[in-house]
Amino acid sequence: MSSSPAQGGAMPRSVARDRQKNSSSSQRDHCTPEILCVKVSDNAWRRLERRRQKMDSLFFNLLCELRSWPESLRKMYDRLSM
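All the letters of the sequence shown, read from the start, carry residue numbers 1 to 82 under full-length UniProt numbering.
I should point out that these hints are in silico values taken from the structure, not numbers from a laboratory.
Note that the Cβ used here is the ideal one computed from N, Cα and C, for glycine as well.
Some hints could be false.
The following label-pair restraints were derived from C-beta to C-beta distances [claimed, not checked]:
| no. | residue 1 | residue 2 | range |
| --- | --- | --- | --- |
| 1 | Asn43 | Tyr77 | 50 to 58 Å |
| 2 | Asn43 | Met82 | 53 to 61 Å |
| 3 | Lys39 | Arg79 | 30 to 38 Å |
| 4 | Met55 | Glu34 | 21 to 29 Å |
Please model the entire structure based on the sequences and the hints provided.
Laid out in structure tokens, this is it:
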């Protein structure tokens, strides 16, 4: 008479094979992208929003600077060519 795995005996091969399949499929599940829902406090949300607005304004300022570059470069070229 064989002892059960709970009593320290060996587990049948079919059970071991099934457990191995289940563990490998659960490892693959960890790699799939998931959408997580988290609760964010009002203060944390305000901080995130302020950061986003700051980044938006920095990006907007950079775009304005880049738009004015051709004009600035033309003026510099005109000064250098005198």
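Against the structure, the hints:
no.	hint	in the structure
1	Asn43 - Tyr77: 50 to 58 Å	holds (51 Å)
2	Asn43 - Met82: 53 to 61 Å	holds (58 Å)
3	Lys39 - Arg79: 30 to 38 Å	violated (59 Å)
4	Met55 - Glu34: 21 to 29 Å	holds (26 Å)
Violated hint for the displayed structure: number 3, the only one.
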